[in-house]
Every structure is written in C-alpha cells, then in structure tokens.
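Participant: Each chain, letter by letter, is given below.
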Amino acid sequence: MDGKLTQINGPLVRAELTEACIGEQVRIGKLNLLGEVIGREGSTALIQVYEDTGSLILGEKVEALGHPLSVELGPGLLGQIFDGVQRPLLDLVQLSGDYIPRGVSIPALNRDKKWLFNASQTLELESIVSGGMSLGTVKETELVIHQILVPPNCSGRLIWLAETGSYTLNEPVARIKNEQHTEDLLYLSHRWPVRTPRPFNRRADSIAPLITGQRIFDTFFPLLKGGKAAIPGPFGAGKTMIQQQIARWSDADIVIYVGCGERGNELVDVLESFPQLIDPRSKRSLMERTIMVANTSNMPVVARESSIYVGVTMAEYYRDQGLDVVMVADSTSRWAEALREVAGRLGQMPVEEGYPAYLASRLAAFYERSGRVHILGHEKNNSDSGGKDPVRKDQGSVTLIGAVSPPGGDFSEPVTGHTKEIVQTFWALSKELADARHYPSVSWTESFSEYVAVTADWWVANVHPDWLKLRAESLSLLSQAQELMRIVNLVGPEALSSEQRWVLEGADLIKEGVLQQSALDEVDSYASPEKQFLLLQMMLIIYHQGEKMIVLGMSVQALKKLPLLITAKRCKSTYSSEQTENLKQFIIQIKSDFQKYRLEYTQELL
Amino acid sequence: MIFKNIALNIRRSYYEGIECEEINSERTRTVRGLEYRQASAAHGGLLFMHSVPGIAYGDQVIVTDHRNHKRNGQVVQISGELVTIQVIEGTDDLDLERTWVRFLQKPFQVSLSTDVLGRIFNGIGKPRDDRPPIVSSLKRNVNGAAVNPAARAYPKEFIQTGIAAIDGLNSLVRGQKLPLFSGSGLPHNRLLAQIVRQAKLLGEESNFAIVFAAMGISYSNALFFQNNFESNGVLGNVVMFINQADDPTLERLILPRTALTVAEYLAFDEDRHVLVILTDMTNYAEALREISTEKGDVPARKGYPGYLYSDLASIYERAGRIKNRHGSITMMPVVSMPSDDITHPIPDLTGYITEGQIVLSRELHSKGIYPPINISPSLSRLMKDGVGKNDTRDDHIRVANQLFAAYAKAQEVRNLASIIGADELSEEDNHFLSFARDFEAIYINQDEQQERSIYETLNISWELLSILPASVLSRVSEADLARYHHWEGHPGNP
Ligand SMILES: Nc1ncnc2c1ncn2[C@@H]1O[C@H](COP(=O)(O)OP(=O)(O)OP(=O)(O)O)[C@@H](O)[C@H]1O
Ligand SMILES: [Mg+2]
Numbered sequence: 001m002d003g004k005l006t007q008i009n010g011p012l013v014r015a016e017l018t019e020a021c022i023g024e025q026v027r028i029g030k031l032n033l034l035g036e037v038i039g040r041e042g043s044t045a046l047i048q049v050y051e052d053t054g055s056l057i058l059g060e061k062v063e064a065l066g067h068p069l070s071v072e073l074g075p076g077l078l079g080q081i082f083d084g085v086q087r088p089l090l091d092l093v094q095l096s097g098d099y100i101p102r103g104v105s106i107p108a109l110n111r112d113k114k115w116l117f118n119a120s121q122t123l124e125l126e127s128i129v130s131g132g133m134s135l136g137t138v139k140e141t142e143l144v145i146h147q148i149l150v151p152p153n154c155s156g157r158l159i160w161l162a163e164t165g166s167y168t169l170n171e172p173v174a175r176i177k178n179e180q181h182t183e184d185l186l187y188l189s190h191r192w193p194v195r196t197p198r199p200f201n202r203r204a205d206s207i208a209p210l211i212t213g214q215r216i217f218d219t220f221f222p223l224l225k226g227g228k229a230a231i232p233g234p235f236g237a238g239k240t241m242i243q244q245q246i247a248r249w250s251d252a253d254i255v256i257y258v259g260c261g262e263r264g265n266e267l268v269d270v271l272e273s274f275p276q277l278i279d280p281r282s283k284r285s286l287m288e289r290t291i292m293v294a295n296t297s298n299m300p301v302v303a304r305e306s307s308i309y310v311g312v313t314m315a316e317y318y319r320d321q322g323l324d325v326v327m328v329a330d331s332t333s334r335w336a337e338a339l340r341e342v343a344g345r346l347g348q349m350p351v352e353e354g355y356p357a358y359l360a361s362r363l364a365a366f367y368e369r370s371g372r373v374h375i376l377g378h379e380k381n382n383s384d385s386g387g388k389d390p391v392r393k394d395q396g397s398v399t400l401i402g403a404v405s406p407p408g409g410d411f412s413e414p415v416t417g418h419t420k421e422i423v424q425t426f427w428a429l430s431k432e433l434a435d436a437r438h439y440p441s442v443s444w445t446e447s448f449s450e451y452v453a454v455t456a457d458w459w460v461a462n463v464h465p466d467w468l469k470l471r472a473e474s475l476s477l478l479s480q481a482q483e484l485m486r487i488v489n490l491v492g493p494e495a496l497s498s499e500q501r502w503v504l505e506g507a508d509l510i511k512e513g514v515l516q517q518s519a520l521d522e523v524d525s526y527a528s529p530e531k532q533f534l535l536l537q538m539m540l541i542i543y544h545q546g547e548k549m550i551v552l553g554m555s556v557q558a559l560k561k562l563p564l565l566i567t568a569k570r571c572k573s574t575y576s577s578e579q580t581e582n583l584k585q586f587i588i589q590i591k592s593d594f595q596k597y598r599l600e601y602t603q604e605l606l
Numbered sequence: 001m002i003f004k005n006i007a008l009n010i011r012r013s014y015y016e017g018i019e020c021e022e023i024n025s026e027r028t029r030t031v032r033g034l035e036y037r038q039a040s041a042a043h044g045g046l047l048f049m050h051s052v053p054g055i056a057y058g059d060q061v062i063v064t065d066h067r068n069h070k071r072n073g074q075v076v077q078i079s080g081e082l083v084t085i086q087v088i089e090g091t092d093d094l095d096l097e098r099t100w101v102r103f104l105q106k107p108f109q110v111s112l113s114t115d116v117l118g119r120i121f122n123g124i125g126k127p128r129d130d131r132p133p134i135v136s137s138l139k140r141n142v143n144g145a146a147v148n149p150a151a152r153a154y155p156k157e158f159i160q161t162g163i164a165a166i167d168g169l170n171s172l173v174r175g176q177k178l179p180l181f182s183g184s185g186l187p188h189n190r191l192l193a194q195i196v197r198q199a200k201l202l203g204e205e206s207n208f209a210i211v212f213a214a215m216g217i218s219y220s221n222a223l224f225f226q227n228n229f230e231s232n233g234v235l236g237n238v239v240m241f242i243n244q245a246d247d248p249t250l251e252r253l254i255l256p257r258t259a260l261t262v263a264e265y266l267a268f269d270e271d272r273h274v275l276v277i278l279t280d281m282t283n284y285a286e287a288l289r290e291i292s293t294e295k296g297d298v299p300a301r302k303g304y305p306g307y308l309y310s311d312l313a314s315i316y317e318r319a320g321r322i323k324n325r326h327g328s329i330t331m332m333p334v335v336s337m338p339s340d341d342i343t344h345p346i347p348d349l350t351g352y353i354t355e356g357q358i359v360l361s362r363e364l365h366s367k368g369i370y371p372p373i374n375i376s377p378s379l380s381r382l383m384k385d386g387v388g389k390n391d392t393r394d395d396h397i398r399v400a401n402q403l404f405a406a407y408a409k410a411q412e413v414r415n416l417a418s419i420i421g422a423d424e425l426s427e428e429d430n431h432f433l434s435f436a437r438d439f440e441a442i443y444i445n446q447d448e449q450q451e452r453s454i455y456e457t458l459n460i461s462w463e464l465l466s467i468l469p470a471s472v473l474s475r476v477s478e479a480d481l482a483r484y485h486h487w488e489g490h491p492g493n494p
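As given, the protein sequences belong to chains A and B, one line each in that order.
The numbering used here applies: residue 1 is where the first sequence begins, and numbers increase by one.
The numbering used here applies: residue 1 is where the second sequence begins, and numbers increase by one.
Do not rely on the hints blindly, as some may be mistaken.
Listed next, the stretches of chain A that the computed footprint assigns to chain B, with coverage defined by at least 3 CB atoms under 8 Å from CB atoms of chain B [to be verified]:
| hint | segment |
| --- | --- |
| 1 | 84-94 |
| 2 | 349-359 |
| 3 | 408-416 |
| 4 | 561-569 |
Because the hints were derived from the structure by calculation, they are not lab data.
Heads up, the beta-carbon is just placed ideally off N, CA and C, and yes, glycines get one too.
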C-alpha cells in the first residue's frame, strides 16, 4: 500500500501511510529518497529522511518497504568506507561521480566477487544448527579469517552444506529445514537490523587492557577490551587525533572508524594513510582490519543518527566471530544533535539545551552495546575440531570510544554529563594543555579509569611487578607539583624548599618524558607497554636520585643543568619500542652517573 | 476551483524559465499562471499562504508586491494547508491583498561561465555593477551537493603567505578552510588583504581566482577590498558577491552558497586554484537566528538554532580538493567573536568544523603589534602534512612546536612576574621573559608590506630560540640544536 506525502519540513516529512510501522524503511517520491518511519499519528506516518528533501513535492508517493534499517554482514566489509545507511562510498564514486547522489540504492557488498569458502569439517549433515554457529570460513584479508555465521535468529536441521570452493554472495552455501518444515537458504552474508543489538550467550568479565600504544592511556587511564570510553574536549584539543591513534595502534582485531558529523578531510586522511601503515603486530597494512563509516558534517543530518548504529552493528558482527573489535565514534555530540534536530521538528518537549528527554537513555543504550561476551553458537560448534577448522575463540568484545564535542568546551552540558555517567574510562581533554601543545592534551586531574585494578594484573603478569606502584607515585608527583604551583603563584618560587622545587622538576620529567607523546613523530607515535614502563621508571629514578643529591647539598639549579635530564626527556623519540635494550642501558648509565655525582659531592663535603 | 485545474495541467518543464503571462488581470481572481494571490499572513521575512499543488520544497519563488516590485523567496516548509516562504528582501509593508506569488518550480540556481570573473553580484547572483547578467546554459543549484568523502584528495600543498605567524606556526595549505577569528576594530581586513597580495597561491598566473563573499559589511570595507584587488592588478580574476550592511538580511543566507557554487565551478570545472573569502560569518549566523526564531525552531545556545552546526558545515565543507581534478578551494572566513568571546556559538561551531583557526588578539593589537595573531589558541590542522622535509624544511614542525611550548611557558612566567615582581624571577625565567618579548616584537610583528620567505621565518625562529638554553628545548632534536641553535653567541647571556 503506497501512501502520499502530506508535509515537508526539512529532513522530517509526514505521509498518509496507514500500513507502515515504526522503524520501517520507506522510499519517497520520484527521487526515491530513503526514509524511516519514526512515529505515527493516526493514519499519518512521521518519517525521517536520510537524504536531502529539496525538490520533494506534496502528494508524491511514499512506499513502505516492509523492513527496518538493516545492514549487510559478510566478507568484503573490511577496507571499505560506507555512508550512514551502509552505501559503499568508493563504489558510489564509480557509479555517480564526486558528489553524493540522492535516491540510489547500491548493495553494500560486492555481488560479483568470488570468495573461497572453506566449509566446516566438523559440521555434520542432519545435525541441528542454530544462530551464531559457524558454517565455515573465508579468508577475508590476510589478517582476518571470517567465520560464516548462521544468522542469530535462524535454526534448523542442516540438509546441505556447500563444498569448499569459490562462491559469490548470491550463491547459497547451506540449506536448513526449520521448525516450520520449510527450507531456508544460507549465504555468505546476512542482514541484521541496526537498532537491535545482536544476541550473545552471556556477558563475560573483561580482563585484558586494550593496548593503544599511547602512554597516557595504557599507563595512566587504561581501557579494557570490551570497555567504554569517552573523549570530551573543545575544538582542536585532539579528539580526532587520539581516535586515529587508537585506530592505528591498538591491539584489536578489527577497527571500525565512524566519522559522524565531522570533516571529510579527516576520513580521507585515514583512507589515504592506513593502507600504507603497517600494523606493529601483524606487519600487515592497517586497512586490512579497518572499516569506515562516514557521515560528514555536510551530509544529511538524519543519516548521522543512523551511522553510529550501522557502525556498532558491524562491530557486533565481528565480535560474534570471536574477535576483539574497537569502534571509535567521532563525534557522539553530532549524533546527539541529530536526535535533537528531529525531536525539535517533531515538536517534542525539549528538556535541556533543546535535547529531548530520551537523550540519556539513548546514549546509555548505545554504550551498552559494548562489552566482552561469550559468543552465540560457539559451544554448539564441535569445539574440539582437532585442528580441522580454523580456531574461533569463544569470546569476543566490542570496545566503544566516543568523542564528545561540548559547546564552548564546557563539560557541564548534557551530552558530556550523561556520557560521563555511563563510561568507565573518561579521557578529558584540556584547552590549556592543547594551547601549550602538550599532546595528547589529556588532563591527569579530570580524567579517570575504573579499570586500573584489573589492568594492574595484566601489567604485573606481562611487564613488571612494580607497575601499579610507579603509576601511583607519578600521579602523586603530578598532584604535588600542582599544589606547589599554586603556592608559587601566590608568593613566588622563593617560598619553596629545594626538595619542593625538585618536585616541580620531577613532574616536568613525567610530563615531558612520559605524558607528552607526539602522534606525528614516527618513533614516538607508538610505545609498547615495555617501553612505556621503562620511560616511567627512568623519570622516577632520576627524580629519586636527584632527591638524594639535594640532601647532599646539590642545588636544584645545578641538577637542572645535568645533560641527562634533557636526554631522558628525549628518549621517547630516540628509541623505538624495539630498542628497549637501549633504554635499559641508559637507565644503568643514569644510575652510574648519579653514583659519580654523589661521590664528588661527598668528597667536597669532606 | 479554477486555480487547481490550471495548476494540475501545467507541466513543470513548460514553465521553467518562461516568463509567466497574465492569464487574467481581474483582481478578484487568485491565480494567473503559476502565480497566486492567497497569502494569508506575513511577518519577519516569512510569508504564509494556502498550499498549492505541484510546488517543491526548496523551490525559488518570485513575490510581486503591490508596487509591482519583485522580491525573491524560497519555499521552506510545506504542509497540506500551508506553504511557508522565506522572502529574501523581507516581508515589510507587503499588502497581502495585492501581492502575487509565483513559483518558479526550480531551486535557486546560478548561471556559470568564466564571464563571472571581474564582476560584482548580489547574494542571488544579480549584477551589482550595472553590467548585463551572466548568460549561460550551465546553471547549478546554489546548495550544491555533498562531496563524497571518498572522492576527496587530502590537501597537502604549502601556501606561503609571507606572514611568519601563519607560515611558521599555522601553515595554510591549498584546499584548507582556515578562518580568522577577530573582533570589531581588529585589523582582519588588512591581514586578509596582505594574504591575498602575498600568497604564493597567486604565483601561478591566470590559474587562480578569488571569490569574495561579503555579508553585511560596510560600504567602506567592500570598497577597501575592491581597491586592494585593483591595485594588485588581480581584479580580472576576482568575483565579488556583496551584501552590504543596509541590504536585506536574509540575502546573507543565500549569498555564501551562490558564491561557493561559482567557486566550485571555477575550481573543479575550470581547474583554478580558488581562494574564497567569506566575511563576516557572524552576520550570516545572525541572519539565520533571525529567521529560525521567526519559524519557531527550537533554539539551542544563545537563541541560535540547533542546526547552526550543520548549516555552517554545509558552507565550510565546500572547501577542499577532489581527486583527479586540478583546481582547489581554499577558504578563509572571517568570524567576529561577539564580545571577543571564543566560546560564543559562532566561533565555537566554526572551530569545530574548520581545519584550524587564526585568532586575533586585542591585547597584541593595543601593544601595536601587527598582525596581532594570538598564537596559543591559533591552529592549523593541515599543517602536519603540508610542511617538513619535502615541503618546507625538516625542522619546521619541531621548531613550531618548540615556539608554541616556549611561548606558553613564557606566558606562565609573565603571570608569575605580575604577581611577585620580575626581580624575584630566576635566571631561567628571565630568559623566558626576553624570549616572549622578542617573539612578539620580532617574530609575530612584521610590516604590512613585508613578505618573509619560509626560510627567513625559520631562521628568525632559531634566533629567538637561541635566547633560551638548550636544556629547556626538549621539542627540537639534538641534531636541530647542533645545526641551528647558538646560545653562546646571543648577546646578554652569561
Ligand atoms: N597526539 C598529538 N600529537 C601531535 N599533534 C596533535 C596530537 N593531538 C592533537 N594534535 C594537534 O592538534 C590538532 C587538532 O587535533 P584534532 O583534530 O584531533 O582535534 P579535535 O579535538 O578532534 O577537534 P574538533 O573537535 O574540532 O574535531 C591536530 O591537527 C594536531 O596538529
Ligand atoms: Mg575532531
């Protein structure tokens, strides 16, 4: 049953459309614009349109499509860039040129490409298969073995499984007889509605930190695989750089980069640089594990709202294959603003700064899709395949990291406020630090992580037993320094004792030698956990050795002139993560130098 | 009803661009051609009328008032009963009984040809220079379409402006959008004129163009730019779109879009490197607030509509480069910060969209420093790929970082000195004070006619860094120091 357009108000239109239910997709007018029913008033459907509504005419036809907004999930997602409704943007350039056309429908995944399907060696015909079970694998990229999953809502008796061989996404690879005794064909890909979280068996405890290679995060405010983090900060503070650094260096299997209402050039930057960048662990091109979703700030605002869900649904899909997925969303504020715009046009009651009352619950529901889980179907696949099938882990995770762009950099606004309540890791960026070009401009006083205790176990097991102690010591040094600076700014530096002035120097060593990390410096851009620890240890050794020298009567002035101070501050960009031996050497050198100074001083004293 | 029958019988293409004949001159009839006389209300630039079939969202409208003057409008909302039209020239003194509304059944379009160069237009592309209108079969919707991000090329080519505080610390690259955040009485116009004069973008003769889009600026400012272009001998490569302070406010909403449609044509059809100057975006945003309040849109901050961000982005994001096309659009908008407040929604949202910002400071201006660029809040995000070994010089990024860091530290010392007195400062702190003083007086400060090469700028940087001991210069490498730092040689050092 087709309906008729009765009102046009920017991205929101109304139509006489009796049949369509909330959430259903519609096609509008001769332009064939894609929309979604978001409300009903009697026989009128309220529709948000994913494309610009210019030139729509009243009375034009509105066709309900009978399904909700969904994405296609299967091999071929990696390395792609999609728009907010999963249209492949690279293919779109081929099809319609440099500007985004309206009304085109184009499949997300290539229909012609043949994939080598390795049928499961352990699934038996006539056995019962159910959602999440693996039918076999496809090597999607050199990095990623893609499990071909039975769609979550599907089960039945396996009556046919394709042989190992090459298949396109249009060719079935399995047939099952369901409970209604009808047959279902299964393909290499399936669809899933983006607003429905994909099911899993049960949640698991997150245990491993997400190693990002960024010292301020890994060492000071860690995030877990399966955790949720927010990065609020004013414009230019470095949110995007941080998210790109995480996309580059974190030890995840899959990275999903969602550019939601931000700049086109930032996506090009990733598109152009990632294929050239080599993952430090797998030594493969980073693009082989990356998927991008792009709704830039000049693209239609409603697709901004959906882009986040398109991203997180793809994240869940790879999670369901037993992989660790990281999704970065830049920026969740633009997503919230899209909600606000639609709510405003619907005439819904604004509660705070124009945002609708459901802002907090929508944010919470989005972040709730993160987590580490026991995946669906794993225990039903014959888990001990005796090495016949590629290993699939029984757990997967989705880590969500959202940038927040508070107006005027004021963290008391609604989106930052609600997000702060939801996330467990909060990386607050500071304008003062950014202005002084202290990058990443993460404030060590306003940021927090609730994962420090869990992470400590990992660091103790994998890096060094003293991790927690050194972390605490350096944070306390930083806060002492802050306190002392307050005094200095009241009464001047003369009021400080030598020990206190050395505390200021110690804090500087931590700031410059450890916290500051340039994304633009080839060597400094990534630091392995071991390198992170050694740098921290080095700065604290210098600080403690200096303390002893002060007791012996050496002046802070003289200490500050020691060349090893600046050499230490530069170590981060002098030695790469492969050169930790040199760092250890230098630490020994520092100790022996101080030994020498001590002797000199004690001799002088005598 | 007669009008219905007529309207139903019209075919869209038939009326496009064809002058509408008066079918019936009787005043009692409400329709002649696609022209209607049934407006039911008008206020604040919006005209409301009973809905008529066949009209599309965003379409252009001609409103003929009782004095037979034509005004331009655009359909901004349609429902079953009511069409809302935004009238650019305003709805003041409209006599609704005698006002005719004609729907052109097409969006706002602008005619494109290289004849636009050297011309002056108003916001909807009508000549302001007493010369004939542009005739061309090529017309495009002024709203443009969003560039597919996958079709963009990342901007990387360094533009030398000859201004140290920009080239050295906040480099501009071809295809960047870099606004000037300014305030009333600050010399942003002089600075822009200097950039236009010196930018090496202009090096490639005839291959460049300047699109100058002025919204709500004074006559004297418009004239200042025009004279400037003229005395540089570039007028033949400039297109000006001008809406003066006393011109209709709502025209400011369409003007930048018209200008950018022309800029896109020059850049991507005609392979030119286009510099777009938009001044002043604050006037633009105020016009948007005016109309959105009138429409009853839900306000977000300070009365500006919640969609101000997306709206500004639909303008700013039109800058850039496209793969396989030779031209580029570099954009320098001027944004006046109301009460010098950088957190005001207009500069704030602009900063969230553009690729950095150059911030002018009243304090430096009153110290007599020109250009009064406050470098701490200034930023160029595209600098990282536009400078360095193959583009300018290997040490460029590190030197810039070091200058930023040293100046930030020097500001701290200044604050301290103002509390405890300069006598109490340590020797090192005193070095920072001299550094800051010279940095402002020698590096930032330069003559309006002075054009510094990037190498001069980098060399001055090292002169200044040589005021400071190497032990505080952790942002530059040891190799840089060995090569360029000459601390011993600096006069006045112990
Ligand atoms: N870790 C870093 N290392 C070096 N430079 C950095 C780093 N972080 C940020 N920067 C600098 O700061 C600039 C701005 O960073 P970024 O674009 O990430 O800001 P943002 O917070 O995303 O801003 P917006 O909200 O406007 O998008 C970068 O272009 C870069 O020059
Ligand atoms: Mg950003």
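Participant: Would you mind marking each hint as holding or not holding in the structure?
Facilitator: Hint check:
no.: 1; hint: 84-94; result: holds (count 4)
no.: 2; hint: 349-359; result: holds (count 3)
no.: 3; hint: 408-416; result: holds (count 3)
no.: 4; hint: 561-569; result: holds (count 5)
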